[in-house]
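Sequences listed follow chains A and B, in order. This note's numbering puts the first residue of the first sequence at 1, with every later residue one more than the last. This note's numbering puts the first residue of the second sequence at 1, with every later residue one more than the last.
Worth flagging that the hints you see were computed from the coordinates, not collected in a lab. In this text, a Cβ means the ideal position worked out from N, Cα and C, and glycines have one as well. Honestly, I wouldn't trust all of these hints.
Unchecked claim - Chain A is faced by these chain B residues, among others (derived, beta-carbon under 8 Å): (1) Asp17; (2) Gly28; (3) Asp31; (4) Ala32; (5) Ile34; (6) Leu43; (7) Thr44; (8) Leu45; (9) Thr46; (10) Tyr89; (11) Arg90; (12) Asp98; (13) Leu100; (14) Phe103; (15) Leu104; (16) Lys106.
Unchecked claim - Computed footprint of chain B on chain A; a stretch qualifies when at least three of its residues, placed anywhere within it, have a C-beta under 8 Å from a C-beta of chain B: (17) 47-59; (18) 70-79; (19) 88-102.
Protein chains: 2
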Amino acid sequence: MVQHSPRLDETFAALSDATRRGVLERLGRADASITELAEQFELTLTGMKKHVQVLERSGLVATRKTGRVRTCSLGPRRLEQEAAWIEQYRQMLASRLDRLETFLEKTKGKS
Amino acid sequence: MVQHSPRLDETFAALSDATRRGVLERLGRADASITELAEQFELTLTGMKKHVQVLERSGLVATRKTGRVRTCSLGPRRLEQEAAWIEQYRQMLASRLDRLETFLEKTKGKS
Chain A
1 MVQHSPRLDE TFAALSDATR RGVLERLGRA DASITELAEQ FELTLTGMKK HVQVLERSGL
61 VATRKTGRVR TCSLGPRRLE QEAAWIEQYR QMLASRLDRL ETFLEKTKGK S
Chain B
1 MVQHSPRLDE TFAALSDATR RGVLERLGRA DASITELAEQ FELTLTGMKK HVQVLERSGL
61 VATRKTGRVR TCSLGPRRLE QEAAWIEQYR QMLASRLDRL ETFLEKTKGK S
């Protein structure tokens with residue numbers, strides 16, 4: 001498993017906030033301006049801009065400016081590496097539990 | 001998708017650090033004391049204790065104290081909810097790309 005990935009650090013940190021996860025789910029349905037997102041999540045424009053910046057830095061959101069309006073859409077990041085890390089972790093847990101079960105069965109057999 | 005989960009906030013934050021992910025991978029192989037973890041990751045005891053506390057709060061690590069030694073093992077948290085969130089996000093992305101493809105094909109058909 002790859003430990004030192006600044007990308008994983010950034011993405012997991014971006015995902016560790018309920019508002020930011022909410023914004024990603026919202027943008028999954030349709031693009032939205034920062035003003036629309038701020039209204040929906042009942043945040044100030046400044047507050048929403050900060051969340052969008054975090055998401056943009058991690059590649060989860062892309063923005064484009066037309067005139068005075070900045071529109072947000074889902075970015076290029078597909079969470080493949082993050083899904084892979086979690087999956088490997090779950091497999092490791094499962095194999096530890098299997099080994100524990102085998103050990104317990106052997107111990108039982110001996111008693 | 002469930003947005004407001006303090007659990008997801010905590011786990012994703014815990015996973016956003018390479019050392020903490022490394023500790024989980026290490027504990028997946030075998031339990032270890034905080035001293036052993038500190039040595040392996042070249043951190044001070046205090047530094048490693050802080051990381052272990054973050055992992056313990058999120059349920060990813062469990063610790064037990066025998067005399068002066070605190071031993072760490074993998075905790076009860078199985079990352080099911082985290083895997084589910086990422087999977088739903090990836091499905092949403094895939095379905096958006098499908099819709100985009102259908103739209104492009106229709107547009108091509110018309111020209």
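Here's how the hints hold up against the structure:
About 6 Å separates the beta-carbon of B/Asp17 from the nearest beta-carbon of chain A, less than 8 Å, and the hint is met. With a cut of 8 Å, the hint placing B/Gly28 at the interface with chain A holds, because the nearest CB-to-CB distance is about 4 Å. Interface hint at B/Asp31: violated, since its Cβ lies 10 Å from the closest Cβ of chain A, which is beyond the 8 Å cut-off. With its C-beta approaching chain A no nearer than about 14 Å, B/Ala32 sits outside the 8 Å limit, and its interface hint is violated.
Restraint check, B/Ile34 versus chain A: the minimum CB separation of about 18 Å is more than 8 Å; hint violated. Given hint, B/Leu43 at the interface with chain A, is violated; its Cβ is 14 Å from that chain's nearest Cβ, farther than 8 Å. With a least beta-carbon distance of about 19 Å to chain A, the hint placing B/Thr44 at the interface is violated under the 8 Å criterion. Hint status for B/Leu45: violated, given a least beta-carbon distance of 20 Å to chain A, over 8 Å.
Checking B/Thr46 against chain A: minimum C-beta separation of about 21 Å lies over 8 Å; hint violated. The interface hint given for B/Tyr89 is met, as the beta carbon of that residue sits about 6 Å from the closest beta carbon of chain A, less than 8 Å. Taken as an interface hint, B/Arg90 checks out: its beta carbon lies about 6 Å from the nearest beta carbon of chain A, inside 8 Å. The criterion of a C-beta within 8 Å of any C-beta in chain A is not met by B/Asp98, whose closest approach is roughly 13 Å, and the hint is violated.
Given the 8 Å rule on beta carbons, the hint for B/Leu100 is violated: about 11 Å separates it from the nearest Cβ of chain A. The interface hint given for B/Phe103 is violated, since its Cβ lies 13 Å from the closest Cβ of chain A, which is over the 8 Å cut-off. Contact between B/Leu104 and chain A, as hinted, is not supported at the beta carbon level, the nearest pair being about 16 Å apart and thus beyond 8 Å. Given hint, B/Lys106 at the interface with chain A, is violated; its Cβ is 19 Å from that chain's nearest Cβ, farther than 8 Å.
Coverage of the segment 47-59 of chain A by chain B is violated. Counting CB-CB distances below 8 Å, 0 residues qualify, and the rule asks for three or more. For the segment 70-79 of chain A, the proposed coverage by chain B is satisfied: 3 residues have a C-beta within less than 8 Å of a C-beta in that chain, meeting the threshold of three. Figure legend: the segment 88-102 of chain A, annotated as covered by chain B; annotation consistent (5 residues with Cβ-Cβ distances under 8 Å, at least 3 required).
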